[in-house]
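Protein chains in written order, with our numbering: chain H, 432 to 840; chain U, 432 to 840; chain B, 432 to 840.
Don't take every hint at face value.
As the list makes no split between identical chains, a pair holds if one copy fits it or if it spans any two.
List of simulated lysine-lysine pairs, DSSO-like, C-alpha gap at most 30 angstroms [what the hints assert, rightly or not]: (1) 543 to 630; (2) 814 to 696; (3) 790 to 665; (4) 504 to 537; (5) 665 to 696; (6) 537 to 630; (7) 626 to 742; (8) 630 to 790; (9) 543 to 626; (10) 630 to 504; (11) 626 to 537; (12) 503 to 537; (13) 814 to 543; (14) 537 to 751; (15) 696 to 626; (16) 543 to 665; (17) 665 to 742; (18) 814 to 537; (19) 696 to 504.
Simulated from the structure, these hints should not be mistaken for laboratory data.
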Amino acid sequence: MRFAFPLMAIGLEVAMIALFGIFVQYETDQNLSQKSNSTSVDLDTSLDLYPFFRDVHVMIFAGFGFLMTFLKKYGFSSVGINFLIAALGLQWGTITQGILHSHGEKFHIGIKNMINADFSTATVLISFGAVLGKTSPVQMLIMTILEIAAFAGNEYLVVEIFSASDIGASMTIHAFGAYFGLAVAGVLYRSGLRKGHPKEESVYHSDLFAMIGTLFLWIFWPSFNSAIAEPGDKQHRAIMNTYFSLAACVVTAYACSSLLEHQGKLNIVHIQNATLAGGVAMGTCADMNIPPYFSLILGSLAGIVSVFGFKFLTPFFTTKLRIHDTCGVHNLHGLPGVIGGLASIVAIAMEIPITSTTKQAAALGSSIIIAIVGGLITGLILKIPIWGQPSDQNCYEDSVYWEVPKRII
Amino acid sequence: MRFAFPLMAIGLEVAMIALFGIFVQYETDQNLSQKSNSTSVDLDTSLDLYPFFRDVHVMIFAGFGFLMTFLKKYGFSSVGINFLIAALGLQWGTITQGILHSHGEKFHIGIKNMINADFSTATVLISFGAVLGKTSPVQMLIMTILEIAAFAGNEYLVVEIFSASDIGASMTIHAFGAYFGLAVAGVLYRSGLRKGHPKEESVYHSDLFAMIGTLFLWIFWPSFNSAIAEPGDKQHRAIMNTYFSLAACVVTAYACSSLLEHQGKLNIVHIQNATLAGGVAMGTCADMNIPPYFSLILGSLAGIVSVFGFKFLTPFFTTKLRIHDTCGVHNLHGLPGVIGGLASIVAIAMEIPITSTTKQAAALGSSIIIAIVGGLITGLILKIPIWGQPSDQNCYEDSVYWEVPKRII
Amino acid sequence: MRFAFPLMAIGLEVAMIALFGIFVQYETDQNLSQKSNSTSVDLDTSLDLYPFFRDVHVMIFAGFGFLMTFLKKYGFSSVGINFLIAALGLQWGTITQGILHSHGEKFHIGIKNMINADFSTATVLISFGAVLGKTSPVQMLIMTILEIAAFAGNEYLVVEIFSASDIGASMTIHAFGAYFGLAVAGVLYRSGLRKGHPKEESVYHSDLFAMIGTLFLWIFWPSFNSAIAEPGDKQHRAIMNTYFSLAACVVTAYACSSLLEHQGKLNIVHIQNATLAGGVAMGTCADMNIPPYFSLILGSLAGIVSVFGFKFLTPFFTTKLRIHDTCGVHNLHGLPGVIGGLASIVAIAMEIPITSTTKQAAALGSSIIIAIVGGLITGLILKIPIWGQPSDQNCYEDSVYWEVPKRII
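With these hints in hand, go ahead and build the complete structure from the sequences.
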């Protein structure tokens with residue numbers, strides 16, 4: 432299968448060109464003013480979103496990309512396959528979400544669609560973290576196509592059918608991506624790696640590269656949670672709630688890391704990951720009319736749960752459930768995503784009149800169920816031998832796919 | 432004192448939650464319109480500040496964080512403790528500045544408060560540079576609390592009592608942070624390290640990581656100096672003056688580095704640090720009505736002074752004054768901050784009618800005096816043995832607090 | 432020539448201060464309203480450009496800087512000389528462009544001039560890539576001055592005389608910078624390095640540093656191509672076209688890399704460079720009224736051409752044409768820039784009524800011809816021995832100019 436990857440990649444790009452040719456047109460002042468009788472959208476509104484888009488864009492490509500560079504021999508693949516998934520996924524996400532919301536008609540796109548397209552790729556990048564180092568590029572192309580389709584379906588269900596509220600996507604992106612990835616990782620479980628792998632390790636500098644990812648994710652997370660919020664009060668609150676939730680999360684994550692580690696040391700894995708849990712957990716409630724101290728509590732809680740997850744749940748998953756989660760996405764995206772969904776139910780129960788508790792519960796349930804079912808099916812498809820899955824001994828080694836080039840000719 | 436750090440961190444976060452519960456509410460369109468009779472602030476104005484906030488946020492977390500990663504074995508601690516200080520500090524800065532300006536009443540916060548909260552953490556991060564590698568995380572938590580309280584007091588004095596002008600905070604942040612840190616470093620001086628320490632060294636890649644910090648600080652500095660400037664002409668000038676001052680500073684810093692170093696080589700320390708002095712020195716005058724060539728002159732001067740400081744003053748401080756300044760913050764923040772304050776006095780004397788020379792001199796004086804007094808007191812408190820200060824031989828070694836994790840379970 | 436570098440740098444900075452004193456004033460509300468009878472520019476419009484400016488600024492200083500850090504012993508010089516060139520170049524670019532467009536009168540500058548100044552430095556940074564590791568800092572100072580003057584002349588010709596359209600500067604920046612650099616590299620060709628150089632190699636981490644550059648260039652490229660576009664429909668399209676072109680380019684570049692490399696591996700050089708060709712190729716057409724699938728096709732094509740260029744053209748240039756292009760700028764900027772110019776001719780021929788095919792062809796021709804002539808002249812000037820060009824054996828080694836500092840005093 433020497434040509435599986437180039438042929439599939441070229442084939443997918445040709446398909447994207449064809450689908451764009453059939454379905455996609457740009458928003459213009461003219462076509463927006465035609466439908467402006469019904470909505471208040473115009474081109475200036477679209478351009479106002481551009482700064483939010485750029486922040487999300489940094490998170491997807493530099494944030495997620497570098498966050499996964501911690502493995503000593505898999506840095507090129509981490510940042511490189513992340514790049515490929517996101518670049519393909521944003522095209523496919525534009526198509527799937529556009530077609531669903533337009534019910535199969537031609538549709539016009541603007542900056543908001545670019546944000547949503549980037550969002551859709553985040554689910555695959557989260558799932559990629561669960562299987563990092565154990566899959567081939569071809570498998571990742573397939574997962575990108577399947578997972579984004581499932582994501583778009585679930586997102587349509589949550590927003591259009593349930594009318595639930597999930598502005599920062601704790602449920603529809605973070606929990607969804609994590610449980611999808613865990614399901615795939617469960618199907619692809621390798622008993623040969625039960626005792627670990629010599630290359631599943633970091634070196635000092637690879638962990639510093641990962642901090643680039645952590646910091647750019649952390650810094651721009653307020654934009655992630657507020658990007659598609661209603662302008663005005665809601666967007667303002669979404670920014671501030673996320674800012675404070677993340678700050679509190681850092682403090683409690685450090686405290687718990689020192690509490691649990693040998694001699695009170697801090698663990699760089701917790702610093703890289705658990706500090707972000709406050710952003711995930713704040714997602715669903717970000718734009719709700721909650722008091723500032725609530726954000727601090729929610730962020731604090733997320734930091735604590737995430738560190739305990741890394742310390743106790745990840746080993747349990749690997750040894751007992753036979754699910755090996757390379758980056759610990761369950762602790763960073765899974766649990767905090769569920770906490771975010773539950774927090775919204777609590778907030779609504781305490782009379783924040785945004786939507787009903789039932790709708791939120793339905794959204795949380797569908798996000799987890801569709802993710803797990805979708806992940807299991809995807810895992811089975813990825814298991815077909817022709818996709819070039821690396822052998823046990825080639826795991827966590829990007830020289831299989833990359834050659835450090837001789838620049839001398 | 433195995434549990435000193437986790438208990439203190441959790442305790443501080445609980446205190447922040449309590450203080451936020453008592454004092455802090457978000458700005459909303461409603462509460463803003465109630466007071467809009469007196470002021471012209473509204474929510475849109477608050478959101479207009481968001482792009483400036485994000486740039487400052489990048490500087491605080493990625494800029495300062497990576498700038499200090501040059502030490503070969505202290506990268507995790509540099510970027511990690513920076514992260515902790517800033518995350519805790521921004522909560523505490525929100526509280527202290529809010530309470531002072533509201534005279535102890537409940538207060539409403541918006542994006543501008545987020546910018547000021549980030550600003551307040553910058554002082555501690557600058558001081559952290561002076562004691563880098565020689566203190567424990569617990570000591571840094573204490574310094575964060577004490578220094579931000581002192582900063583908020585001085586800032587109140589400068590702005591509300593003296594009515595001085597310091598838009599980019601050359602005096603209130605940069606000079607203040609540097610002299611506070613030098614005072615702490617003086618109190619904590621270790622004669623055992625007089626002849627240096629084998630780990631107080633960089634390796635090639637650690638110095639490249641530090642360049643990430645340098646560049647993101649340099650690139651976004653125009654936003655730092657203009658973030659809270661009056662919209663319109665003043666903000667516009669603050670951006671442009673800083674842009675040109677920084678550019679000139681790079682050229683003269685390189686020239687002086689080559690002039691002073693062996694065989695005309697350039698020194699990476701100067702490139703990492705002295706190139707930023709133009710941003711510091713431009714702070715106070717940034718929004719004043721000065722001609723463009725004045726910015727170039729001020730930036731050129733700052734670059735020259737900073738390089739000479741690294742070459743001659745830092746060794747003098749260490750050997751004669753018994754003040755060991757790990758990152759050379761005196762050359763990057765101290766001297767250029769004082770130059771910034773003096774430049775504003777010159778500019779006002781040359782009939783830029785913004786405020787009086789006396790007020791500016793008072794602001795410069797109070798920033799330095801409060802910093803030194805506050806730093807001495809803080810240093811004495813930090814010297815109490817229970818805070819776990821590292822022994823001489825454990826300095827510049829982050830494995831004391833960090834464990835490179837075994838990711839294999 | 433121990434003092435050649437510091438004296439030249441100081442001399443140039445003094446000249447910049449003098450020129451700014453004579454020619455440059457800041458835009459203010461007052462001076463803008465005076466001329467607002469004729470144009471619609473005002474200060475708010477200038478400040479609206481600030482977010483675009485910052486993105487371009489990140490690309491110039493962090494993007495280009497880190498992209499070139501791949502060489503194992505030349506990282507400090509890559510990012511450091513890039514910093515110097517850009518800081519000097521933006522001052523000189525402000526002057527040259529301002530004087531040309533004001534026909535030698537005093538002129539007022541705003542954020543748009545800052546964007547154009549940053550743009551002008553991009554040409555030199557591209558050319559720097561062609562001669563990376565083989566020149567001295569003094570030579571780079573000279574090239575900065577000469578190339579920006581040539582760039583400003585060509586840009587004036589293209590915009591004011593030909594009235595051609597090149598909003599994202601495929602021709603005037605990318606093709607110009609590449610062919611200028613190739614001409615210089617041709618003149619400076621060293622037959623002693625025909626068989627390569629042991630230091631012209633990367634190590635694992637140096638290639639990861641280069642990915643920082645790649646990603647920040649890629650992420651912010653939509654801002655580069657839209658920064659000075661007409662607000663509204665055109666700016667909106669420039670953003671979206673570039674976004675999709677870049678995404679498609681990544682997919683096809685990966686496909687071709689795997690197709691051409693041993694055992695279907697991916698080549699990190701292609702990932703670092705060819706993925707950006709879609710942004711270059713989209714430059715000229717970015718704001719034109721073309722359908723979205725056209726951007727995907729153009730980006731796909733650019734990715735393919737760029738990878739083939741790295742694989743086949745670069746060796747051919749080195750061995751047959753005696754032009755050694757260190758970073759392969761011909762494949763990233765040269766060819767895709769020409770494709771961008773040709774695409775605009777095709778688009779106009781297909782009745783996109785923006786300008787005439789003749790004007791576009793003239794712009795493409797003048798960009799290439801002036802670049803080559805200017806590069807040849809510059810190369811001959813740089814060959815004068817007193818500029819301290821490194822000997823063959825000192826190439827690709829920044830310890831000549833940098834000393835890893837002993838931080839212990």
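Here's how the hints hold up against the structure:
Proximity of residue 543 to residue 630 under the C-alpha cut-off of 30 angstroms is found in neither arrangement, the shortest distances being 41 angstroms within a copy and 47 angstroms between copies. For the identical chains of this complex, residue 814 and residue 696 are inter-copy neighbours only, at 21 angstroms across copies versus 40 angstroms inside a copy, given an alpha-carbon limit of 30 angstroms. Taking the closest pair of Cα atoms, residue 790 and residue 665 come within 30 angstroms of each other only inside a single copy of the chain (20 angstroms); across copies the shortest separation is 41 angstroms, beyond that limit. Within a single copy, residue 504 and residue 537 get their C-alpha atoms no closer than 45 angstroms, and across copies no closer than 53 angstroms, so neither meets the 30 angstroms cut-off.
Neither within a single protomer nor between protomers do residue 665 and residue 696 lie at most 30 angstroms apart by alpha-carbon distance, with minima of 40 angstroms and 48 angstroms respectively. In this assembly of identical chains, residue 537 and residue 630 lie within 30 angstroms of each other by CA distance neither inside one copy nor across copies; the values are 48 angstroms within and 54 angstroms between. For a Cα distance limit of 30 angstroms, the shortest separation of residue 626 from residue 742 inside one copy, 17 angstroms, qualifies, whereas the shortest one across copies, 41 angstroms, does not. Taking the closest pair of Cα atoms, residue 630 and residue 790 never come within 30 angstroms of each other, the shortest separation being 45 angstroms inside a single copy and 57 angstroms across copies.
Proximity of residue 543 to residue 626 under the C-alpha cut-off of 30 angstroms is found in neither arrangement, the shortest distances being 46 angstroms within a copy and 52 angstroms between copies. For a Cα distance limit of 30 angstroms, the shortest separation of residue 630 from residue 504 qualifies both inside one copy, at 7 angstroms, and across copies, at 22 angstroms. With identical chains, the CA atoms of residue 626 and residue 537 are never at most 30 angstroms apart, being 52 angstroms at best within one copy and 56 angstroms at best between copies. Within a single copy, residue 503 and residue 537 get their C-alpha atoms no closer than 46 angstroms, and across copies no closer than 50 angstroms, so neither meets the 30 angstroms cut-off.
Taking the closest pair of Cα atoms, residue 814 and residue 543 never come within 30 angstroms of each other, the shortest separation being 36 angstroms inside a single copy and 52 angstroms across copies. Taking CA atoms no more than 30 angstroms apart as the test, residue 537 paired with residue 751 passes in neither setting, with 49 angstroms inside one copy and 51 angstroms between copies. Proximity of residue 696 to residue 626 under the C-alpha cut-off of 30 angstroms is found in both arrangements, the shortest distances being 25 angstroms within a copy and 28 angstroms between copies. Proximity of residue 543 to residue 665 under the C-alpha cut-off of 30 angstroms is found in both arrangements, the shortest distances being 17 angstroms within a copy and 17 angstroms between copies.
In the homo-oligomer, the alpha carbons of residue 665 and residue 742 never lie at most 30 angstroms apart, since the shortest distance is 36 angstroms inside one protomer and 52 angstroms across protomers. In the homo-oligomer, the alpha carbons of residue 814 and residue 537 never lie at most 30 angstroms apart, since the shortest distance is 36 angstroms inside one protomer and 59 angstroms across protomers. With identical chains, the CA atoms of residue 696 and residue 504 are at most 30 angstroms apart both within one copy (26 angstroms) and between copies (15 angstroms).
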